[in-house]
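Undergrad: Position chain S relative to chain B; hints supplied.
Protein chains: 2
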Amino acid sequence: MNNKVYFTPGPSELYPTVPQHMNTALQEKIGSISHRSKQFQEIFAHAVAGLRQLLQLPENYEVLFLASATEIWERAIQNTVQQESFHLVNGSFSARFFETTQELGLKAQKHEVPFSEGFDVPGITVPASAELVALIQNETSSGAAMPVAEINLFREKASSDALIYVDAVSSLPNPAFDFSKVDAVYFSVQKCFGLPAGLGVWLLNDRCIAKAEALAAQGQTIGSYHSIPAMLSKAKANQTVETPNVLDIYLLGKVVEDMNSKGVEAIREETEAKASLIYEYLEQSKTFTPAVENPQHRSPTTIVANTLVPASEVNKRLAEFDMAVGSGYGKYKETQIRIANFPAHSPEQVKALVEKLKELFE
Amino acid sequence: MNNKVYFTPGPSELYPTVPQHMNTALQEKIGSISHRSKQFQEIFAHAVAGLRQLLQLPENYEVLFLASATEIWERAIQNTVQQESFHLVNGSFSARFFETTQELGLKAQKHEVPFSEGFDVPGITVPASAELVALIQNETSSGAAMPVAEINLFREKASSDALIYVDAVSSLPNPAFDFSKVDAVYFSVQKCFGLPAGLGVWLLNDRCIAKAEALAAQGQTIGSYHSIPAMLSKAKANQTVETPNVLDIYLLGKVVEDMNSKGVEAIREETEAKASLIYEYLEQSKTFTPAVENPQHRSPTTIVANTLVPASEVNKRLAEFDMAVGSGYGKYKETQIRIANFPAHSPEQVKALVEKLKELFE
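As they're listed, the protein sequences go chains B and S. By UniProt numbering, the letter at position 227 of the first sequence is numbered 227, and the numbering carries on one by one without gaps. By UniProt numbering, the letter at position 243 of the second sequence is numbered 243, and the numbering carries on one by one without gaps.
It cannot be assumed that every hint is accurate.
Note that identical chains are pooled: a pair holds if it fits in a single copy or bridges any two copies.
[Claimed, not checked] The calculated lysine-lysine pairs, modelled on DSS-like cross-linking and capped at a C-alpha distance of 27 Å, are:
#1 K38 to K4
#2 K333 to K358
#3 K236 to K110
#4 K316 to K29
#5 K286 to K262
#6 K333 to K236
#7 K316 to K4
#8 K316 to K358
#9 K333 to K351
#10 K356 to K333
#11 K38 to K356
#12 K236 to K351
#13 K38 to K333
Just so you know, the hints here were simulated from the structure itself, not pulled from any lab data.
Same shape as in the complex, but just chain B (with noise of 0.2 Å):
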């Protein structure tokens, strides 16, 4: 038995009924029907269904279900990006996203600023030529956030034909977008909520699905069985091209309809109320404290913290009270700490590993 609380920024802690919901898939031999069948259907609409309701997704957004968030950058781009995309970078994945458009022969431009910084917005210059504007908001590596007010001010920046893509892999629903400024938005399941890994969900509008046509009638090639319009022929009919992970579906559905039941306003009133706990610990303390300097672009979802203390060793001494926290990413593996502060993340889970901390060190 396993009784260790995950802080670590994805995969996480699984939202506490996800348990009891995996032990009805398997009384309900959901690992057994056909992706073909009525049953499934019905799992693939309530899932849609959720999610529309709980992010107050317009009318003229589609929902996708690929294999993960990584998948959704080179469909993206396969689909949508005829010879140029345009990306704010200041860490690793939006990085990987401006090169995905650089391996799949397009151009990329991007406005880049250093690790642990977010954007002076009104200061960028989007390209005239950037057919696809990616912005972070929420930068996975580093834990820099964009407020959703700057994201809004992009639809003015670009182009009118430019479709405004969204990275929020591991804040949704936390942000509440004005999906009306932007035209995709994505993320994974295994952050905010709380599931196993292996499916990623593309949110996108009526835009980008003219775009991906726009391209296949003038012959470009835009993938196979998951391009844009073979993934909605099949969608609009509660169903997948491929055999899908049934299972993670049956599940974003579950705990999406716990999510309504509890209500977004409230899970977002708690994951503001335990940032603001840890951003105030670590402040105070001699050992740590926030990556971000500019509090306006702290993420409250992927609070990172510059340590005095090897990450390994704090994680050391973490496990010892069966607490783990994410280590740095790449070159800042031991020197910075990354805490998930996901919907699965009680209250009183995240004011413990605060005292603990406390605790533990200076």
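TA: Chain S alone, transformed into the frame defined by chain B:
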């Protein structure tokens, strides 16, 4: 509580030990561990080592985990074909692989025989220009199979540079392949491995890897995160590029361990014995007849029968006794049934199905 026994051709019955492994996974919090942790590397290595043992995979083969066999089709073309592939087609899935090449803008040729038929392999000529030869060992849609001895003839038929791919999506670990005669074999875990869907497994040799590297060196775009070199660089460290379906990789390792304990020969013998039982019944039934006429081309794992009673009616009557078979594929939805005979289906369950079919139908 759902007590139905699923003889559907995948998703299908879970391997009998899956519920207990799933419970262990919950207790050990496998859903929460990082995909960059030592614990995950051990899970990955355990699954790969188990598969190597079960399938007697030679040293020059690597094992890659993707999201589905559908994805493997796309990655195979992207990574190992510059201009042209050649496909044996005798059903919906072999046709989809053929179409995938075309969707990716390359040339595909095919040798096609009618649905429900196997191939006259000695009479097939492989175009010298084919870089990838796609064989369909087990066509899940029609129940037609290709004997391993006939697969082994293609090395001589194809040009020396050609890569021979084998679709064993719904048959492995049943066929005892001579891996030296082919270059890549792939399968899905929701078929004969009795796992929840969401994982495709690609076994590929050094020749496939060299081809991908050569194409990349020549400037061909071979994809981004799931190019063969990108996947391999992580696989060498027992990791994946993206956050994968960790739970399914864990369960695969556990089920393969169970299969190795039983022994692959015992599993194969049991599969053949159960298949004989089903085919003997179909041969003497007045309602059902084996869809594949030539006994040499009948699949032991996905058994398809023409039915005089509509498939939906067959399932309606079986449902009263907590059993389900698959309906026919596509336009054969009502005129054929498909019976999965996977390792998860015990001899007792297969006997019970045959007895019930005898009782219910003339």
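Undergrad: At most 27 Å between CA atoms: does that hold for K333 and K358 within a copy, between copies, both, or neither?
TA: Within one copy only: 22 Å inside, 64 Å across.
Undergrad: If the cut is 27 Å between Cα atoms, do K356 and K333 qualify within a copy, between copies, both or neither?
TA: For K356 and K333, only the intra-copy Cα distance (21 Å) is at most 27 Å; the inter-copy one is 61 Å.
Undergrad: Taking 27 Å as the upper bound on the Cα-Cα distance, should K38 and K4 be classified as within, between, both, or neither?
TA: Result: close only across copies, 16 Å inter versus 39 Å intra.
Undergrad: From the Cα coordinates, with 27 Å as the cut-off, is the pair K236 and K110 best called within, between, both, or neither?
TA: Result: close neither inside a copy nor across copies, 35 Å intra and 31 Å inter.
Undergrad: Indicate which option fits the pair K286, K262 if close means a Cα-Cα distance not exceeding 27 Å: within, between, both or neither.
TA: neither (37 Å within a copy, 57 Å between copies)
Undergrad: One pair to classify: K38 and K333, alpha carbons no more than 27 Å apart. Within, between, both, or neither?
TA: between (47 Å within a copy, 15 Å between copies)
Undergrad: How would you label the pair K316, K358 (within, between, both, or neither) given a Cα cut-off of 27 Å?
TA: within (15 Å within a copy, 63 Å between copies)
Undergrad: Under a CA distance limit of 27 Å, which applies to K333 and K236: within one copy, between copies, both, or neither?
TA: between (43 Å within a copy, 21 Å between copies)
Undergrad: Up to 27 Å between alpha-carbons, please classify K38 paired with K356: within, between, both or neither.
TA: For K38 and K356, only the inter-copy Cα distance (25 Å) is at most 27 Å; the intra-copy one is 49 Å.
Undergrad: Given a CA cutoff of 27 Å, do K316 and K4 count as a within-copy pair, a between-copy pair, both, or neither?
TA: within (12 Å within a copy, 47 Å between copies)
Undergrad: Within a copy, between copies, both or neither: which one fits K316 and K29 at a CA-CA cutoff of 27 Å?
TA: between (39 Å within a copy, 18 Å between copies)
Undergrad: Between the shortest in-copy and the shortest cross-copy C-alpha distance, which are at most 27 Å for K236 and K351: within, between, both, or neither?
TA: neither (44 Å within a copy, 40 Å between copies)
In this structure, the hints that do not hold are numbers 3, 5 and 12, in rising order.
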